[in-house]
Each structure stands twice: as structure tokens, then as C-alpha cells.
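These protein sequences, in sequence, are chains E and W.
Sequential numbering of the first sequence, starting at 1, is according to the numbering used here.
Sequential numbering of the second sequence, starting at 1, is according to the numbering used here.
Please keep in mind that the hints were generated in silico from the structure rather than gathered at the bench.
Among the clues, some could well be false.
[Stated by the list, open to error] In silico lysine-lysine, DSS-like type, Cα no more than 30 angstroms apart, as pairs:
id	chain 1	residue 1	chain 2	residue 2
1	E	K28	W	K93
2	W	K93	E	K292
3	E	K142	E	K165
4	E	K28	W	K89
[Claimed, not checked] Covered stretches of chain E (chain W as the covering partner; in silico rule of three or more C-beta atoms under 8 angstroms from a C-beta of chain W):
id	stretch
5	64–77
6	154–167
7	188–199
[Said to hold, decoys possible] What follows is a list of derived Cβ distance ranges for each label pair:
id	chain 1	residue 1	chain 2	residue 2	range
8	W	V25	E	V115	34 to 44 angstroms
9	E	E78	W	E49	21 to 31 angstroms
10	E	G290	W	A72	48 to 58 angstroms
Glycine residues also receive a C-beta, built at the ideal position from the N, C-alpha and C atoms.
The primary structure of each chain is shown beneath.
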Amino acid sequence: MVRLLEPVPQPVPSKRTPPRKDADISRKSAFLLVPGLVLLVAGFLIPSAAMLFAPPDVPASEIFARLGEMLTDPYDLEVIGRTVGLALAVTIICVVLGFPIAYWLARSPSRWSGVFLAVAIFPLMLSNVVRTFGWLVILGSKGALGQLLVQLGIVEVAPQLLYTKLAIILGLTQLFLPLAIISCYSAVAQVDPGLDDASRGLGGSRIRTMWSIVIPLTMPGIVVAATLVFAGSVTAYTTPYLLGGSSQRMLSTQLFNYASTTVDWASASATALIMTVLVFLISGLSSLIGRKGATS
Amino acid sequence: MKRPITAALAVIGYVIMIVPIIFVVATAFTAGSTLRFPPEGISLRWFDEALGYEPFIEAAISSLGLAVLATALALLVGVPVTLAIHRGKLPGKGLVEGLFLSPLIVPELVVGLALYQQLMIGMDLDNFSTLLVGHTALMLPYAVRVTGASLALADPALEEAARGLGASPLRAFFTVTLPVLRPGIFSAGLLSMVTSVNNVPLSLLLQGRDFRTLPVTMLDYVQQSYDPMVAAASTLILAATVVIAVIAERTVGFAKIFGGINQ
Chain E
1 MVRLLEPVPQ PVPSKRTPPR KDADISRKSA FLLVPGLVLL VAGFLIPSAA MLFAPPDVPA
61 SEIFARLGEM LTDPYDLEVI GRTVGLALAV TIICVVLGFP IAYWLARSPS RWSGVFLAVA
121 IFPLMLSNVV RTFGWLVILG SKGALGQLLV QLGIVEVAPQ LLYTKLAIIL GLTQLFLPLA
181 IISCYSAVAQ VDPGLDDASR GLGGSRIRTM WSIVIPLTMP GIVVAATLVF AGSVTAYTTP
241 YLLGGSSQRM LSTQLFNYAS TTVDWASASA TALIMTVLVF LISGLSSLIG RKGATS
Chain W
1 MKRPITAALA VIGYVIMIVP IIFVVATAFT AGSTLRFPPE GISLRWFDEA LGYEPFIEAA
61 ISSLGLAVLA TALALLVGVP VTLAIHRGKL PGKGLVEGLF LSPLIVPELV VGLALYQQLM
121 IGMDLDNFST LLVGHTALML PYAVRVTGAS LALADPALEE AARGLGASPL RAFFTVTLPV
181 LRPGIFSAGL LSMVTSVNNV PLSLLLQGRD FRTLPVTMLD YVQQSYDPMV AAASTLILAA
241 TVVIAVIAER TVGFAKIFGG INQ
């Protein structure tokens, strides 16, 4: 409405439509938003806010009381600590493995690199249940890895591999490595290969070129990769459920337990709140780093 | 190899990404009845079992139906939003776009819990409708962002020319804008379908007795019985996914589809 009353600023020569029509377009385009907005607000924003602050039959104060308990209770703190710790480990592993792969894929002149890029991205389309199930076959009590260790004479009895932190780390790394590769790949592809050559030509070693040319220039992509992997690991459900079980509870499996098994709304909401805050924190931190990188 | 460290890290990375998938396929063809490795003989019996297992078939049909409906709905309300953002004269476009991308940031499990409490319990909505609302909301960012990317590449002067030559706004949309949007709509549709069919965290709490989704049904099955039927079902899903990936690669290139959403 306000816009209608204001004189519409006109960069005269390039404008083809008269001002009255302009205001008309503005109103019409606002109209285009309506169905989408209704769905977004009613189907996502209101329920999410209501769940975090006013679940059925539970006063909001109870959620915050429960939240306070969780942040002091040793068992709950262990779950939070395990979630953050595993997510950090997976993030570091995915960046350390993903960056070299992305660099190689982006810089290799081989026609095979296209195939390898496709192989790295393809798992993103594949169901997480299918991808995680493979680890049950490998790590299970009669699984391939345990049998192999026994037959090689390294151990006498197949060790417990499933339902351990290692299993979760392997599963989550498999899940999120493709994301890390894509993010790093697009960053590396934007760096002029001539810069590598120049550094090498001026006598820089391969490692020096990597540390002082390639990595600083691709830092924004690496930050995006780390953010996606961390947020994904904190919120993943299938992997901790199948590979961690009840002995290695993470926030996601804990949340499901509160919501479905014990029907404890206050605890479920408090857990959801912790999870959401963690994801928002990492996203905020990442855009802060991104902005700093852009201005320096 | 000139770069031994890079090579070693790349090998480890690919092993972690690919080897578990190979094990799934290998186990699916076992003649034995456990997830033992190496498999005891070769047979197709578990494929037979998986294809004859009613809960999986029903859930697969449900999941596909849900994905098609949610994707169509998300595109139907999402494309107008994209048009408004890229072609309209809105104040605060960045804010509007951010709002429509917000379902990507909130953990899906949290959204699932919210919809379970507020729509299924609070408003007595049935579980299919709740799933449809949730999946559509989750697909909206794809519909808005991915179609927006192809719209941003096109020259608005084309539409102005059509209008200037006397085409009605609707005619200009169907003859000029829609063809420009087509690759974006295709990518967004594909991405949404795949995401919806595979989704676990959002759907997890929204399962009902009459309407269950495939990945959650498979998860429940794995938890109860430790036999290779899920490996066979997984192998079938893998085959279907490969077909879709090839189609995606031939048409728009799937690196493009999956690279776009997170940038």
C-alpha cells in the first residue's frame, strides 16, 4: 500500500513500462506468493514454533525446566557431548578426505575424472537406509570385517564393531563425504590452475603451493563443506539408529525415543531445541566466517 | 602416482563411500539365510521374498505416491513464488527467498515432531495428509531455489518483448517463461522426488497403520529380523536409483542438480 503512494523511482531511459503498471505488477507478484506462504506458515513455521514452545498439554515452563536439567544431568550431557564429538570427528574426516578427492577430480586431465566425480555424487541420490545397511553386513557379528580379522590371525574372537562410535563415524562419513566433495570441488574448480603453476614455477614446493595458494583460495568452499557435514551429522537419524543402537544414543535417536517410546513431550521439545540451536549456531558461525573471508 | 598422500586419502574416501554398497548387493544374492559374509551360495530367493513381501510393496507404492503428490504441490505453489522473487517488484526479495529456504535449516526430525504434535495430535489430521504437508514444505526450497536458478539465467527482456508484441500475461508465461523454466522445473522435480522417496527423519514420527513409507518400513524390518531380504530390497532400490541417475545425467547432468541447492 505504501508503495502505491510513493513516487516510483525511475531510471528514465531504460524503463519501458509506465509507473501505474509498475505498481500493478508489484501487487500481482505479491499475490503469487500467497499459496506458497500459506503452506510455509501453516505447514512448517507455526507447527515448529508451537512444538518448541508449546507442545500439547505441557506448559512452556516445563520445557525450559527440562532443558535446564538436561544441561546438568550426566546422562543427557553424555548424549549431547557424544553428538557434538562424533559430528566434529566426521566433519574433520570428511574435509580431510573430501578436499584431496575434490582437488584431484577438478585438476586431473584424465577423462576418468568425470566417471569418478559421478561415482562420488551418485550416493547422494541413494537411500540412506540402503547405504547404511551395508555397514551392518560389514561390521555385524558375522560380518566381513570381523571374519577377516579372525582369519588373518589378528584377533581370536571377532571384536564388537557394531553399536560403537567407530561404526557411527564410518556410517556418517560414508553419508556426508559426497557433500564435502561437491562443495570443495566447486571451490577448487573456480581457482585458476595457472596460479598453481605460477607458484610451482617460482620454486614453491607442492605442499607450500597447497597451503599458501590453493587452500586459502578455496576456504569458503571448505567452510561450506564443514558446515553441511556438521549439521548433517548432528541431525542424522538412520545411521545412529542402525549403527549406534541404544548403547550409543545421539540427540536424534534420543529425540525419537522421547517422542515415540516414552511420550515425554517436554523432554522431546527440549532435545529438539538443543538440536536446532546446535544447527543454527554452526550455520551462523559459518556465515560469519564467510563474511569475514569476503571482506579481508 | 605423483602425490602419494592425495592418492591414499582418495582411495580411503572411495572405499568408505562405495564398499558398503557393494556388500549390500553381494549379500542380496546369497542362498543362505543370514547376513554372513562371504555369502553361502548364490540364489535369487531373497529377491523373490522381497517382491512378495506385502508391507514393502505397499510402502513402496505409498512412498512413490506421496513423492509425486508432494513434488507436484511444491512446484505448483513454488514456481509462482520464484516468479515473484525474480520477475516481480517485491520489497525485501532476499528476506522472502530466505523464508522459503528455511525448511532446509531446521532439522527434519524436529519438523516431523512438530507436525506429529501439532497436526496429527493437535488437529486430528490423518497421517497421510500430515506427511503430504510435511513433504511439500520440505520440497518448497528446492522448487523455489532450483527453478529460480534457471530463471535468473534467462533474459527478462524476452518476456517484455512478448508482452510488448501484444501477448497476454498468461500467454507470455506459457510461451516464453515456462520453456525457460523447464530445465529448472525438471531438476527441482527430480531432486524433490528422490529426496521425498528416501526421507526418513521427517516421515519417521508420521507413520500410520494404513499409510507407511518404504525407508521407515525397511528400518523397522531390519530392527526385527536379521535376514538378507532387506539387502535384496536395497539392491532393487539401488538399480532404480542408477536408472534415475542415468536419466538425470543424460538430461541436465546430475552434478548440476546436486551442486546447485547448497551453494
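Apply the coverage criterion to the stretch 188–199 of chain E and chain W: a residue qualifies when its Cβ sits closer than 8 angstroms to a Cβ of the chain, and three qualifying residues are needed. Our answer is that it is violated, as 0 residues pass the Cβ test (under 8 angstroms) against chain W, missing three.
Given the hint that K28/E pairs with K93/W, does the C-alpha gap stay at or below 30 angstroms? holds (15 angstroms)
Could you say whether the range 48 to 58 angstroms given as a hint is met by the Cβ separation of G290/E and A72/W? violated (35 angstroms)
Check the hint pairing K93/W with K292/E against an upper bound of 30 angstroms on the C-alpha distance. holds (24 angstroms)
Per the hint of 34 to 44 angstroms, is the separation of the Cβ atoms of V25/W and V115/E within bounds? Between V25/W and V115/E, where Cβ atoms are some 19 angstroms apart, the hint is violated.
Assessment of proposed distance window 21 to 31 angstroms (beta carbons of E78/E, E49/W): violated (40 angstroms)
Measure nothing beyond the straight line between the CA atoms of K28/E and K89/W; if it is 30 angstroms or shorter, mark the hint as holding. holds (9 angstroms)
Would you check chain W against the stretch 154–167 of chain E, counting CB to CB pairs closer than 8 angstroms, and say if three or more residues qualify? This one is violated; 0 residues, fewer than the three required, reach chain W with a Cβ under 8 angstroms.
Verdict on chain W covering the stretch 64–77 of chain E, criterion of 3 CB contacts below 8 angstroms: violated (count 0)
Is K142/E close enough to K165/E, meaning Cα to Cα at most 30 angstroms? holds (19 angstroms)
The earlier numbered hints that this structure contradicts are 5, 6, 7, 8, 9, 10.
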